[in-house]
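> Let the hints inform the model, and build the full structure from the sequences given.
Protein chains in written order, with our numbering: chain A, 20 to 381; chain B, 20 to 381.
Warning: the hint list may mix true and false statements.
Copies of the same chain look alike in the list, so a pair counts if it fits in one copy or across any two.
[Claimed, not checked] Restricting the straight-line Cα-Cα distance to at most 27 Å, the calculated cross-link-like pairs of lysine-lysine (DSSO-like) are:
#1 K127 with K248
#2 K248 with K124
#3 K248 with K331
#4 K124 with K338
Think of the hints as simulated: they come from the structure by calculation, not from any bench. No experiment lies behind these values; they were computed from the predicted model shown.
Protein chains: 2
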Amino acid sequence: MTRHPNFSAGPAKLPDEVLQQAQLELMDFAGTGMSIMEVSHRSAGFLEVADQAVSDFRSLMAIPDNYSVLYMQGGATHQFSCVPWNLLGASKKADYIDTGIWSQKAIKEARRIEGGDIHVAASVNESGLLRVPGNSDLLIRADSAYLHYTPNETISGLEFNYIPDTDGVPLVADMSSSILSRGVDVSKFGIIYAGAQKNIGPAGITWVIIRNDLLNQAVTRIPALMNYKNILSQDSMLNTPPTYALYLCGLVFKWLKKRGGVEAIEKVNRQKSELIYGVIDQNDFYANAIEPSDRSKMNVTFSLADQSLESKFIEESEKLGLYNLKGHRAVGGIRASIYNASSLESVQALSTFMNDFAKKYG
Amino acid sequence: MTRHPNFSAGPAKLPDEVLQQAQLELMDFAGTGMSIMEVSHRSAGFLEVADQAVSDFRSLMAIPDNYSVLYMQGGATHQFSCVPWNLLGASKKADYIDTGIWSQKAIKEARRIEGGDIHVAASVNESGLLRVPGNSDLLIRADSAYLHYTPNETISGLEFNYIPDTDGVPLVADMSSSILSRGVDVSKFGIIYAGAQKNIGPAGITWVIIRNDLLNQAVTRIPALMNYKNILSQDSMLNTPPTYALYLCGLVFKWLKKRGGVEAIEKVNRQKSELIYGVIDQNDFYANAIEPSDRSKMNVTFSLADQSLESKFIEESEKLGLYNLKGHRAVGGIRASIYNASSLESVQALSTFMNDFAKKYG
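Here it is as structure tokens:
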């Protein structure tokens with residue numbers, strides 16, 4: 020069996036060691052004669068797995084004590100609804116930074132709230148060079164319930180290189196594609212949420228970090244499975260959680276701790292992205308229109324000067340076992356998603372291929 | 020490795036053959052060099068898996084063409100909210116049959132709807148003999164948007180032996196614990212939904228069957244991931260679905276088809292439940308207070324005449340490798356959940372143990 024380099028944007032590559040362990044114990048977890056996916060979420064064996072996962076996540080992210088951690092279902096899209104439903108009970112005002120497709124989806128959901136006053140604090144400049152709005156460009160209303168932003172836009176490959184200073188307005192971040200890839204000072208946030216399928220585990224589980232003082236401002240009549248406080252009161256087991264997905268997240272957390280945690284992986288991630296951006300910038304053959312400081316370290320997007328060569332690029336990369344490099348259907352081009360589980364070696368193989376391809380057709 | 024009989028109420032036992040195949044291809048799906056959980060939900064390889072699962076589900080349930088099939092996240096609890104949000108846009112009236120804890124949870128969620136008029140059509144008799152209300156006992160309002168019921172209550176072990184005739188009011192059923200265990204005439208229903216973790220697959224995916232004419236009566240401002248019509252318009256991929264859970268459901272559907280489908284498994288399920296109820300009724304040592312015709316074929320509950328022996332019953336059953344027989348924490352006693360994946364042999368082992376235990380301590 021050859022395991023191929025896989026640059027999928029999500030669901031994405033998982034660490035080989037994690038899948039190996041999952042495979043080994045798939046039919047018999049810890050000598051129980053049962054799969055971990057076949058037992059009750061309230062069984063002692065499973066609760067141990069769940070508690071350890073939460074505790075490892077807290078430690079990896081260095082989450083302060085005044086924050087709670089929840090795991091939920093429905094991905095970031097569900098959070099697009101949950102955030103306004105949980106926070107707009109009193110002030111109906113919220114501000115959003117629009118940096119692309121994912122931000123826009125979040126804004127659209129917030130606008131469904133009855134009586135909501137949803138304001139765009141800043142938009143990415145869609146013409147010419149793409150860049151993240153600066154802190155001073157953000158129009159944040161002092162009485163807003165929160166400011167929402169998307170630190171990393173997976174489709175365009177745009178990433179914030181700073182954490183917005185909101186002057187006290189709670190900051191809410193969709194970290195689906197960057198969580199655990201770099202150090203983050205959680206205390207600067209009100210809520211952080213992330214679908215697991217990029218840096219944490221399989222699709223079907225979402226992690227939410229919430230500052231405890233924000234748990235008391237939900238819109239009345241909020242559905243049970245959107246209510247953070249309600250879910251927290253049952254330790255994320257208000258209903259049956261996605262147990263196997265949670266178990267896999269736990270394995271990924273252990274793997275990351277063993278590799279030295281977020282600090283260590285951040286260094287590798289920087290090397291990986293610099294390697295590919297280096298190839299792009301050294302060849303007129305490739306182009307990336309994003310301000311260098313705002314380029315994503317997780318999703319490297321680029322186009323070919325001669326667009327007609329893109330399908331050949333995909334074809335030849337796959338021949339070498341480099342998979343899932345096609346850009347998102349909304350924007351086209353090429354995208355290499357290089358989350359935590361993508362090894363430096365696989366990224367080196369990609370950069371070699373890119374150089375060779377440019378020589379061959381450039 | 021010994022695989023143990025596992026009577027867990029959910030997440031529950033999965034067929035050995037399914038787990039074997041999942042284990043075999045966990046790191047390398049169909050020679051791709053990637054796990055099926057590592058690829059995009061929009062990749063050709065995954066779409067084939069998804070489409071086949073939906074098609075097999077349709078065929079197993081004999082779903083008529085005027086019904087749509089969706090897979091979602093959030094389990095039955097999410098559906099408790101989705102059903103009223105999707106159906107109460109026009110008439111705010113809905114009727115619910117209350118047969119126990121799960122029905123009551125559904126009612127509670129429906130009552131969160133702004134301006135909703137939620138009425139209990141009938142309640143189970145909680146005193147003395149437990150039985151399902153008869154069709155003539157149901158107070159269904161002719162202008163109700165729907166009648167909701169729970170064909171099988173997993174906690175008490177109470178099951179409807181008939182499908183309510185509602186005289187045209189759409190019938191909505193939470194079939195989480197009985198779906199695919201017996202033949203069902205889908206055309207008698209407006210909506211059928213089921214969390215997967217009992218008869219279909221792992222926790223984290225929910226199947227919904229909806230009659231197409233019911234797709235146009237949602238409450239305004241319904242959150243995106245609650246909106247059936249919205250989700251259907253994207254073939255259940257409005258956002259990233261729980262891909263691995265979906266793949267496992269597909270394997271279970273194939274397994275069930277190979278075993279002869281619903282008709283064949285229904286016969287085995289009848290044998291299994293008759294075997295245990297036979298032991299209960301033949302021994303004064305055990306008791307089940309449910310009207311025999313209304314006893315669940317999936318969740319056999321019973322108590323011991325001498326309640327102080329219950330912990331010994333659990334202890335000795337586990338010594339024999341018969342796991343997860345403890346009743347739900349809300350009601351106590353013993354519960355053997357014998358879903359499709361529980362073999363006749365494992366149920367025979369349980370009945371032998373029950374007889375031996377009764378002889379030893381009776």
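> Now look at each hint and say whether the structure bears it out.
A quick look at each hint next to the structure:
1. Both within a single protomer and between protomers do K127 and K248 lie at most 27 Å apart by alpha-carbon distance, with minima of 24 Å and 17 Å respectively.
2. In this homomeric assembly, K248 and K124 come within 27 Å of each other (Cα to Cα) both inside a single copy, at 24 Å, and across copies, at 18 Å.
3. Taking identical chains as interchangeable, the C-alpha atoms of K248 and K331 are never at most 27 Å apart, the minima being 51 Å within one chain and 38 Å between chains.
4. Within a single copy, K124 and K338 get their C-alpha atoms no closer than 36 Å, and across copies no closer than 54 Å, so neither meets the 27 Å cut-off.
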